[in-house]
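There are 4 protein chains.
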Amino acid sequence: MKKTSRFLETPIEPFVVERDQTAEDILVRMERISFQGRNLATANRVWQKMLADDVTIFLGVAGALSAGGLRLVIAHLIAERYVDCVVSTGANLYHDLHETRGRRHYVGSPHADDTALANERVDRVYDTFASEPEFIENDEWIAGFTTTLDPRPYTTREYLYELGGHLWRTTGREGILTAAYRAHVPIFCPAIADSSIGMGISQARQQSAEYGQIDVIGDIIESANLIIRRPGTASVVLGGGTPKNFINQASVQAEFFSPGVGGHRYALQIVTDVPHFGGASGASLEEAQSWGKLAADAARVTVTADATIALPLLASALTSPAPASLASRRRPTFTLASRVMTIDGKSVSSERIEAVHEPAV
Amino acid sequence: MKKTSRFLETPIEPFVVERDQTAEDILVRMERISFQGRNLATANRVWQKMLADDVTIFLGVAGALSAGGLRLVIAHLIAERYVDCVVSTGANLYHDLHETRGRRHYVGSPHADDTALANERVDRVYDTFASEPEFIENDEWIAGFTTTLDPRPYTTREYLYELGGHLWRTTGREGILTAAYRAHVPIFCPAIADSSIGMGISQARQQSAEYGQIDVIGDIIESANLIIRRPGTASVVLGGGTPKNFINQASVQAEFFSPGVGGHRYALQIVTDVPHFGGASGASLEEAQSWGKLAADAARVTVTADATIALPLLASALTSPAPASLASRRRPTFTLASRVMTIDGKSVSSERIEAVHEPAV
Amino acid sequence: MKKTSRFLETPIEPFVVERDQTAEDILVRMERISFQGRNLATANRVWQKMLADDVTIFLGVAGALSAGGLRLVIAHLIAERYVDCVVSTGANLYHDLHETRGRRHYVGSPHADDTALANERVDRVYDTFASEPEFIENDEWIAGFTTTLDPRPYTTREYLYELGGHLWRTTGREGILTAAYRAHVPIFCPAIADSSIGMGISQARQQSAEYGQIDVIGDIIESANLIIRRPGTASVVLGGGTPKNFINQASVQAEFFSPGVGGHRYALQIVTDVPHFGGASGASLEEAQSWGKLAADAARVTVTADATIALPLLASALTSPAPASLASRRRPTFTLASRVMTIDGKSVSSERIEAVHEPAV
Amino acid sequence: MKKTSRFLETPIEPFVVERDQTAEDILVRMERISFQGRNLATANRVWQKMLADDVTIFLGVAGALSAGGLRLVIAHLIAERYVDCVVSTGANLYHDLHETRGRRHYVGSPHADDTALANERVDRVYDTFASEPEFIENDEWIAGFTTTLDPRPYTTREYLYELGGHLWRTTGREGILTAAYRAHVPIFCPAIADSSIGMGISQARQQSAEYGQIDVIGDIIESANLIIRRPGTASVVLGGGTPKNFINQASVQAEFFSPGVGGHRYALQIVTDVPHFGGASGASLEEAQSWGKLAADAARVTVTADATIALPLLASALTSPAPASLASRRRPTFTLASRVMTIDGKSVSSERIEAVHEPAV
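From first to last, the protein sequence lines stand for chains A, B, C and D. Throughout the first sequence, residue numbering follows the numbering used here, covering 490 to 850 in sequence. Throughout the second sequence, residue numbering follows the numbering used here, covering 490 to 850 in sequence. Throughout the third sequence, residue numbering follows the numbering used here, covering 490 to 850 in sequence. Throughout the fourth sequence, residue numbering follows the numbering used here, covering 490 to 850 in sequence.
Treat each hint with caution, since some may be false.
Just so you know, same-sequence chains aren't split out, so a pair can sit in one copy or run between any two.
As the list claims (entries may be wrong) - Heads up, simulated SDA-like pairs for lysine to any residue below, C-alpha to C-alpha not over 25 Å straight-line:
| # | residue 1 | residue 2 |
| --- | --- | --- |
| 1 | LYS538 | TYR700 |
| 2 | LYS538 | THR511 |
| 3 | LYS538 | GLU498 |
| 4 | LYS538 | THR493 |
| 5 | LYS835 | ARG521 |
Just so you know, the hints here were simulated from the structure itself, not pulled from any lab data.
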């Protein structure tokens with residue numbers, strides 16, 4: 490009776506529960522189940538492929554991951570060079586700075602009385618609380634730091650490197666900004682004006698209008714040149730938002746000025762948004778291929794899941810097989826301590842897109 | 490500057506990645522992060538509390554979990570008695586039967602050409618494929634089995650016990666139905682008419698109209714009496730749907746006829762639906778309290794996640810600390826091999842709700 | 490510069506706001522926008538095509554639509570014969586009965602204190618409240634009615650017709666059940682055991698165990714025969730759930746026993762669930778084609794929206810062009826007042842699937 | 490039997506379908522139903538209250554609304570002054586510019602072959618297509634325009650005003666940018682670096698590194714001063730994203746420097762994101778109150794719906810009662826044609842937050 494079909498080749502292998510399985514064991518067993526479980530297991534494989542290949546791995550970070558307890562996972566991914574370049578929302582950097590400075594976020598409840606919280610000057614992020622006076626003091630600290638910089642335009646990449654350095658020197662604590670500083674990993678924050686980092690910077694102008702010049706247009710140019718200087722990229726996106734699009738537009742612009750640089754060769758996204766409302770956060774990786782953001786043959790996977798579940802499992806699993814690949818990775822080397830960064834010894838302009846080849850007309 | 494607030498007591502502890510962490514390690518570290526990660530960690534604790542207490546644990550199973558590779562996780566939960574009574578959609582039992590009978594589901598793609606699949610008689614469940622001719626043969630097998638039963642009404646609980654027994658005797662394979670048969674765990678399927686199990690039963694009537702009498706109203710009565718006979722319940726719900734509501738209505742009806750039996754003392758749900766469209770699948774556990782489905786002081790947690798990610802991790806974590814609690818559990822004992830089941834030696838009628846106390850007027 | 494592409498043919502026409510536009514005007518203007526707005530406009534066209542064609546239109550009703558204020562929209566669709574056969578969850582029929590009996594649901598809040606609600610015996614459905622004592626009295630009323638029926642098995646279709654008739658005779662009020670009774674439109678409720686209708690029926694057995702025999706397996710057979718007797722169907726699904734699958738399984742089973750009867754020729758669903766978790770409620774209409782639930786060339790559209798927004802707009806829009814199509818519709822005629830229903834004068838068995846042609850082997 | 494409860498006061502009024510109802514009629518009838526339908530009806534009332542009060546109404550625009558056919562709805566809201574100040578993603582302004590320049594977006598399909606689209610240089614936004622060569626030509630046009638500006642920093646507000654003016658003078662066509670130019674309504678774009686507008690600006694630097702200086706920190710200061718200069722604000726948010734947060738941070742920063750300025754007095758959001766993953770796009774308006782983004786007694790409503798359904802209905806409904814309120818509105822008056830904008834004749838600095846009162850310490 491059974492008709493053999495080309496569609497019926499690889500059976501589902503039901504997940505079998507055993508004692509003391511590690512994260513790696515669990516994800517390997519999830520490769521042959523279905524739905525988002527399979528996708529998360531595939532994400533593990535795709536990330537391993539990125540590490541084994543000669544690509545620059547971008548990490549996009551959106552959603553309240555730092556406040557939500559994942560900042561040291563991201564710091565770990567940076568420090569161990571599971572990723573090479575970070576694009577983040579301002580909020581994730583701000584909440585990271587908050588904890589690196591020794592303050593805390595707190596376990597709260599989504600059912601809390603927000604009027605009572607407001608009266609006690611406690612700010613809520615879903616089920617997580619923080620002290621508003623401490624936030625205000627952060628803003629002032631950022632303003633103060635900003636006034637120590639030269640009164641000239643800084644890309645967010647340069648600004649955040651300096652901020653990470655100052656944080657590391659004054660606190661000596663682990664975090665996203667300090668890990669990136671120490672590992673010489675660039676961080677871009679294209680929407681810095683829409684965050685408390687930006688608010689802190691803006692307060693530096695209370696001292697003088699010449700402070701707080703942030704050159705976000707320079708970031709666009711620099712990120713495109715980064716890809717032109719070292720073609721071959723991969724994208725790991727947590728949560729969509731501006732980082733997801735910024736990583737993709739860098740790829741598109743690099744390709745326009747330097748045809749053949751191509752879209753990402755690998756793409757992995759862990760998102761909660763869905764495609765069918767048309768927004769960029771939920772956009773599928775297939776759609777990205779129509780734009781050339783992603784190569785036609787790119788290994789890719791979308792995991793529809795909250796990163797607070799998916800990332801601890803995935804990052805833990807990566808530690809088991811990854812160190813070997815990490816040791817042998819041909820990863821890019823950066824210098825970040827000036828207006829002009831370098832990648833593998835080549836300068837990366839923020840003033841002009843420097844095509845290796847001239848663009849096709 | 491910092492004002493101490495009663496809201497700022499328990500700091501978030503950022504998740505730290507280490508090598509070779511087990512599922513249990515990972516969930517313990519997730520207890521102090523935020524959002525759905527914290528909720529999943531809390532689910533682990535709540536389930537452990539259920540096991541340590543003297544309650545009858547209901548498991549509701551909806552969504553395509555059997556086709557999606559989780560049937561042996563559910564079988565494990567039954568066999569090891571992490572749960573005492575199962576309420577399932579028909580599809581999950583049907584896809585379980587399919588694999589227990591030696592057929593398979595297959596790894597597929599959500600981007601497959603459905604017209605091509607239809608031409609090859611392959612049925613798709615998102616990213617999972619199955620053979621339609623094999624499904625048709627299942628239906629006939631179910632019809633054949635059904636004609637071996639006495640021509641009288643069966644509750645789904647009795648019918649499924651007999652089906653599980655027949656499956657076990659003819660295949661000797663692990664699965665949900667066979668595990669429940671062997672562990673004497675009752676399974677209810679209130680929406681059996683909306684499934685291929687029901688379709689198979691309906692085809693038994695091609696032999697004679699007296700076959701396939703399923704007494705779903707008896708299930709309602711039996712499930713309420715089950716709670717009246719052994720007050721103190723907990724609810725573990727995967728995916729919402731009819732099982733979620735059926736477990737709750739049993740509690741409500743038991744309370745009506747036998748006041749003080751009360752709502753569930755523990756409730757844990759892993760769902761992807763949301764509350765704000767008003768449907769029962771996404772309804773919050775707080776809402777359940779207004780109905781008395783859940784005790785006012787019940788330990789409860791909702792995890793918004795795909796069960797194919799959350800359940801492998803959660804069930805794996807439960808194996809580490811649970812065996813001790815499992816060994817000492819005061820779990821109910823059932824006999825299921827007739828029209829009248831028993832719990833802890835007491836008969837459970839499907840004909841009349843037998844209140845211990847008379848209902849309040 | 491512009492390269493003409495076959496993909497760039499029909500421009501988006503931006504929606505233009507004008508005063509005093511009707512629902513029909515608005516939906517027509519939405520046909521050339523994007524995303525779910527376009528889908529809702531397409532749903533309007535697809536439904537009009539159903540009305541103009543010679544098909545039996547099934548309506549599936551899930552989610553708390555009756556409690557949520559849409560029961561008279563559904564009653565209108567039945568009374569005016571925009572649909573021919575209804576498949577509903579029990580809850581929607583129960584909440585309909587509640588209001589038809591003169592009780593009300595109430596405007597509430599999702600932020601209400603559920604413990605306070607429980608103390609006042611108020612039940613909450615997201616932002617909507619109801620009186621628990623009134624619900625209990627409904628259950629008793631249903632039990633009482635059930636004991637007036639012959640002590641023999643009833644399909645839900647027959648039972649609900651009798652219930653609608655009794656409701657109409659005792660209240661004279663509009664509603665889903667009474668509209669279906671008066672318009673001779675059958676209602677199936679495959680998951681009746683998972684609802685307060687089922688709970689009420691179960692309480693009839695407190696009088697005698699011979700009451701409350703519901704033959705849900707008969708419903709499966711009857712619904713398949715309905716399609717075999719009058720091939721050519723369309724599916725309008727609100728909210729997924731058991732009604733969505735029941736309508737589809739009837740089509741699949743009809744096709745199996747009477748090849749060529751085919752899948753639905755039109756399909757329209759308004760759902761909030763998504764496909765990527767694998768559940769049936771969110772399953773795409775493309776997936777349905779792999780199963781043969783839907784014809785390969787079926788006009789189809791999925792609208793991802795809360796029915797409480799989409800349905801008032803869509804049903805209002807349908808009133809403008811529809812009366813002409815309604816008047817000329819070749820709609821099926823039913824008799825429902827006995828164990829054996831008829832469609833267009835032909836009997837529809839609930840005891841045996843009566844293939845017009847023998848099934849292919 | 491019925492116990493009167495304070496919770497059971499306002500009955501649900503089922504929606505009644507009638508012919509030729511206008512958008513306004515429909516929304517009024519939806520005020521007494523449930524779930525998101527009621528929320529959309531409430532949004533209509535809340536917006537009317539904003540118009541009747543003496544507040545500055547901010548509009549946040551995220552998601553692919555311009556590409557998706559809503560740009561003329563937004564232009565209408567600006568031109569008729571249903572809103573006073575716009576905060577937008579770059580993409581919505583870019584796609585608006587694209588159509589104002591006479592190019593089109595096209596009706597497409599989410600099931601299109603993205604490799605084929607890439608080969609034909611067609612870019613996909615879910616179910617909507619556009620020509621990549623036309624997009625490239627837009628970028629060059631933006632670059633060209635940018636080189637006509639003085640080589641000095643521009644806030645996005647000043648830059649977009651100049652861009653709107655240039656667009657209006659060269660095309661004479663309706664759109665978001667041109668409507669804002671003509672109505673003297675400021676537009677902020679805090680994440681301009683994460684968009685094709687930003688990419689176009691960056692290409693101006695191919696001419697000279699002194700072009701394309703965008704002062705996003707100035708936007709932060711200017712938006713706070715805007716609120717300090719004219720206290721009393723309302724927030725209408727479509728789709729979350731950076732605009733939602735930017736509108737809120739302006740309010741928080743204004744309050745910090747000028748205590749008593751307060752949070753928004755009205756807030757209305759139409760979003761598809763949910764709160765429980767912790768991201769800002771889905772954050773509840775209750776949570777906003779903990780931060781002081783929203784006044785404790787603010788009239789507020791969240792509508793969980795795709796804006797392509799909700800906004801055409803809502804904007805159409807507003808036209809019926811609104812003209813009277815529009816005529817009598819005490820709306821702010823702006824001048825925008827220089828580095829320093831004015832509101833109601835008062836200058837609004839982008840260099841220093843100018844508190845009316847000194848901040849509390």
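Original post:
Looking at the structure, which of the earlier hints fail to hold?
Top reply: 1, 4, 5
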